[in-house]
Amino acid sequence: MEYKKIDLGSYNLHLINTDKFKTVSIRINFKRKVKKNELTKRSLLSRVLLESSMEYKSKRLLEIKTEELYTLSIDSSSYISGNYLIFSLYSTFLNNKYTEENQLKNCIDFILQILLNPNIEQKKFDKESFNLAVLALKEQLERQIEDPSYYSSIRADEEMDKTSSLSFNASGYLEDIDKIDEKNLYDCYLSMLKSDLIDIFVIGDIDNEEIKQEFTKKFKIKTIKKPSETHILSYNKFRKRVKTVREKKPFEQSKLIINFKVEDLTKFESEYVMRVYSFILGGGPNSKLFKEVREKNSLCYSINSSYLPVFNIFKIKAGINKEAFKKCVSLIKKELKNMEKGLYDEEDILAAKSTYISSFESTGDNPNSIMGTYISHEYLDYDLIEDRIKNIDKVNKDMVVSISKKIHLDTIYLLEGDIEGDNNE
Amino acid sequence: MNKTYLENLDLSLYSKKLNNGLEVYIIPKNNCNNIYATFSTKYGSIQSEFVPNDSYEMIKVPDGVAHFLEHKMFEQEKGADPFTFFSERGADANANTSAFRTTYLFSGPDFFEENLNYLLDYVQSPYFTDENVEKEKGIIEQEIKMYEDDPYSRLYEGTLFNSFKEDPIRKSVIGTVDSINEITKEILYKCYNTFYNPGNMFVVVTGNVDPDNVLKIIEQNQKNKKFDNFGVIKLKKYDEPDEVEKQKEILNMNVNLPKCTLSFKFNLSLFPNITLKEKILYLSIIFDCNFGYTSLFNEQLKQQKITSSDLEISNIDNKTHALYTIFFESDDYEKIIELIKNEIKNLTLTEEELERKKKTIISSQVFMSDNIFSLNHKIVNDIIKYGKVITEDYSIIKSLNIKDAKSVLKNMDFDNYSIFIIDKK
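Each protein sequence line maps, in turn, to chains V and H.
Numbered continuously in the numbering used here, the first sequence closes out at residue 425.
Numbered continuously in the numbering used here, the second sequence closes out at residue 425.
These are computed hints drawn from the structure, not numbers from a lab.
One or more of the hints may lead you astray.
Said to hold, decoys possible - Cut-off 30 Å, straight-line C-alpha distance, at most; resulting in silico cross-link-like pairs (DSSO-like, lysine-lysine):
#, chain 1, residue 1, chain 2, residue 2
1, V, Lys65, H, Lys425
2, V, Lys65, H, Lys410
3, H, Lys78, V, Lys296
4, H, Lys345, V, Lys57
5, H, Lys3, V, Lys22
6, V, Lys97, H, Lys277
7, H, Lys425, V, Lys322
8, H, Lys359, V, Lys218
9, H, Lys16, V, Lys20
10, H, Lys137, V, Lys326
11, V, Lys322, H, Lys72
12, V, Lys138, H, Lys248
13, H, Lys425, V, Lys138
14, V, Lys296, H, Lys190
15, V, Lys162, V, Lys237
16, H, Lys277, V, Lys65
17, V, Lys59, H, Lys42
18, H, Lys42, H, Lys78
19, H, Lys72, V, Lys334
20, H, Lys305, V, Lys123
Remember, it's a predicted structure, so these values are computed and weren't measured experimentally.
Can you make the complete structure from the sequences, with help from the hints?
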């Protein structure tokens with residue numbers, strides 16, 4: 001596998017060359033500092049661009065074209081990563097060997113057609129495509145509220161800190177949709193092309209020179225480069241008294257979310273030690289939380305912990321019976337204390353390390369995972385696979401104990417399932 | 001060991017049936033690091049009435065036993081429990097139960113021999129006690145509640161329950177709170193001893209392995225174990241009528257956007273002279289072309305703002321009957337139902353559409369073959385569904401033709417349908 005980064009002035013081209021796969025994948029990322037009032041527009045933009053283009057005037061015609069390109073898949077998303085808002089257009093298609101001679105060229109044409117030749121009339125997005133995207137976005141936002149996992153997670157984040165980008169909804173807000181029209185959405189699109197930082201990642205059995213030529217020929221834009229932001233969120237205050245919030249909703253099951261803010265960590269701590277910590281505490285069916293809360297006490301079906309490095313947040317989530325709330329929280333707190341005291345075996349650390357080593361080794365089997373490591377290398381200066389395997393092995397118990405003291409309990413949120421209450425309303 | 005080629009995919013399948021009846025299937029893929037192994041029994045939620053191996057009388061076990069049994073296999077009398085064992089070796093382990101099968105699995109690039117031996121050993125050494133069976137009930141109750149809150153699961157389960165009349169495929173895999181409370185260790189042993197005989201089971205390994213080595217490990221492992229002679233398991237036969245159980249049901253839940261399925265039930269004997277696989281392929285293509293992403297019908301629904309999302313089509317069959325389900329979300333679901341009922345009178349399929357869909361199915365197979373997990377699932381699904389691995393998918397798809405397609409189209413009978421709606425409270 002060979003990697004090459006080419007600076008083409010307005011954007012960087014990252015080429016990952018490997019003959020392991022029958023596919024080629026391309027990801028085009030636009031990033032800028034996240035602002036809450038731009039989220040809805042960018043989210044809508046990611047939908048409008050895939051509704052139609054100048055050449056394919058409806059979604060149906062676009063879909064037919066993807067089938068003709070041997071089931072090319074294409075999608076886009078707008079997501080928040082720390083201090084950044086990222087718009088991402090990504091596509092995977094079969095390479096020439098399994099299709100036909102001009103497949104690669106045809107597919108790049110198609111992807112860039114979607115991105116650079118949208119369905120525009122008089123500097124406005126086509127009304128029909130715009131309206132369809134608006135309707136679909138509204139429905140997506142309504143669906144999110146129905147989903148207890150999503151709803152409880154975002155509510156817990158809001159209760160922790162409403163001003164943090166962690167609590168923003170990258171899909172946008174219902175109340176902002178009416179402020180958007182075909183014209184100002186097109187302006188948003190132009191501004192994205194002009195002032196975002198752009199990186200293009202390509203992986204597959206490719207000819208670097210050919211890809212470079214295709215992009216320089218077909219993706220000509222001029223950008224105003226802005227200095228980069230710090231990517232990762234940082235906290236200087238930690239709550240002394242834990243905030244507890246209970247909210248009732250008509251669900252069968254209750255969702256418990258516990259949020260922790262994490263002190264600034266070194267790159268090594270964030271990339272490796274936190275992973276081991278989280279794995280031992282709540283990383284899977286062998287974890288302390290799973291064994292104590294689920295297996296010993298039968299209080300839940302699901303319980304896990306996760307670390308969100310770009311937000312510096314640590315989270316515990318569980319699906320429980322509301323009656324078990326207090327007992328669950330106290331069991332979880334006991335396990336957190338045990339982590340601080342180092343009350344676990346050397347085998348737990350070894351298991352965490354071997355799990356990560358296996359997962360790093362398997363990263364190389366999936367083109368999107370490989371691309372992911374190069375993206376985090378570019379954005380966060382994260383190590384590449386070989387270094388990851390070496391470094392995770394250096395983590396020891398002292399490091400895991402010491403990191404447990406940098407994690408500060410902030411908010412305990414319970415979404416209380418309350419079917420009866422709902423019937424009485 | 002038999003060796004066959006998977007057409008058009010540059011892969012070989014090795015297989016052998018051992019003396020004790022256990023079947024082994026291996027697809028080496030040496031350009032990847034990871035290895036994925038599954039160990040399945042042809043026993044799922046539908047095998048709920050049968051003659052146990054130690055008696056002559058047909059018995060009926062509570063709903064949800066196969067899934068409960070799967071949970072309890074993780075209980076071991078001595079030594080490390082499966083999650084700990086695999087976790088210490090960096091492997092991911094899990095299990096899942098469907099209507100037709102139960103599968104135990106692990107994936108991991110290292111310690112393959114130990115992991116594979118352990119997979120065979122723990123699945124072949126049940127340890128059920130009154131105490132550990134009781135303990136599991138609380139956990140599964142939480143799992144049931146989690147699904148009860150999910151409108152999509154309720155819709156799926158309601159659709160099957162109302163569309164089939166006799167076949168236990170209509171019942172939820174997990175069972176109900178009441179049915180799982182009837183489960184005892186004696187019932188679990190009865191089911192285990194009947195269905196977990198090697199003659200009813202198969203192993204599938206995909207990834208970075210040497211087939212001879214895999215076979216050697218499995219043969220060695222099985223050689224020292226004693227099993228009862230395996231006879232044919234007597235299962236209750238169900239005479240599924242063409243009619244559905246219930247034509248329409250509305251369930252009110254905490255949703256903002258109503259969700260609906262309209263399912264058509266086809267007696268597969270109405271399509272003579274072609275194989276089951278071909279029947280399913282033709283029916284799927286016909287539904288896809290008339291109601292899928294590339295259909296005019298789907299486009300018009302969106303243009304008329306009756307729904308904002310695409311119709312989604314899925315199918316399931318019990319070998320005598322196939323159920324094709326069209327799923328949609330809309331406030332005006334009654335209108336969509338009327339439009340679909342009208343549209344089915346005029347279904348069409350052109351040769352051009354058929355050829356394009358054939359291209360997409362062939363392409364999806366190539367995509368699938370790049371991934372050891374999808375490949376493994378293809379083998380498992382083929383064995384469960386067709387009783388053998390289909391290696392000539394490419395020729396089968398290539399040979400689909402407009403004449404047979406039109407004949408299937410002509411014989412489709414839409415009289416038997418069922419509607420399930422999840423509406424707002």
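Each hint tested on the structure:
1. Restraint check for lysine 65(V) and lysine 425(H): not satisfied, since their Cα atoms lie roughly 41 Å apart, outside the 30 Å limit.
2. For the hint pairing lysine 65(V) with lysine 410(H), the CA-to-CA distance comes to about 29 Å; that is within 30 Å, so the pair holds.
3. Distance hint between lysine 78(H) and lysine 296(V) is fulfilled; the C-alpha atoms sit about 17 Å from each other, no more than 30 Å.
4. Distance restraint check for lysine 345(H) and lysine 57(V): the Cα-Cα separation of roughly 29 Å lies within the 30 Å cut-off, and the hinted pair is therefore satisfied.
5. Under the criterion of a C-alpha separation no larger than 30 Å, the hint pairing lysine 3(H) with lysine 22(V) is consistent with the structure, at around 23 Å.
6. Among the hinted pairs, lysine 97(V) with lysine 277(H) is consistent with the structure: their alpha-carbon atoms are about 28 Å apart, no more than 30 Å.
7. Taking the CA atoms of lysine 425(H) and lysine 322(V), the gap is near 22 Å; set against the 30 Å cutoff, the hint holds.
8. The hinted pair formed by lysine 359(H) and lysine 218(V) meets the criterion: a straight-line CA distance of about 28 Å does not exceed 30 Å.
9. Between lysine 16(H) and lysine 20(V) the alpha-carbon distance is near 28 Å, which keeps this suggested pair within the 30 Å criterion.
10. Between lysine 137(H) and lysine 326(V) the alpha-carbon distance is near 21 Å, which keeps this suggested pair within the 30 Å criterion.
11. Restraint check for lysine 322(V) and lysine 72(H): the C-alpha separation of about 26 Å stays at or below 30 Å, so the hint holds.
12. A distance of roughly 28 Å separates the Cα atoms of lysine 138(V) and lysine 248(H); the hinted pair therefore holds under the 30 Å criterion.
13. A C-alpha spacing of about 20 Å is found between lysine 425(H) and lysine 138(V), which places the hinted pair at or below 30 Å, so the restraint holds.
14. With a CA separation close to 26 Å, the supplied pair lysine 296(V) and lysine 190(H) stays within the 30 Å bound.
15. This hinted pair checks out: lysine 162(V) and lysine 237(V) have alpha carbons roughly 15 Å apart, not beyond 30 Å.
16. Under the criterion of a C-alpha separation no larger than 30 Å, the hint pairing lysine 277(H) with lysine 65(V) is consistent with the structure, at around 27 Å.
17. The straight-line distance between the Cα atoms of lysine 59(V) and lysine 42(H) is roughly 42 Å, outside the 30 Å bound, and the hint therefore fails.
18. Taking the CA atoms of lysine 42(H) and lysine 78(H), the gap is near 27 Å; set against the 30 Å cutoff, the hint holds.
19. At roughly 27 Å between alpha-carbon atoms, lysine 72(H) and lysine 334(V) fall within 30 Å of each other, so this suggested pair holds.
20. Restraint check for lysine 305(H) and lysine 123(V): the C-alpha separation of about 25 Å stays at or below 30 Å, so the hint holds.
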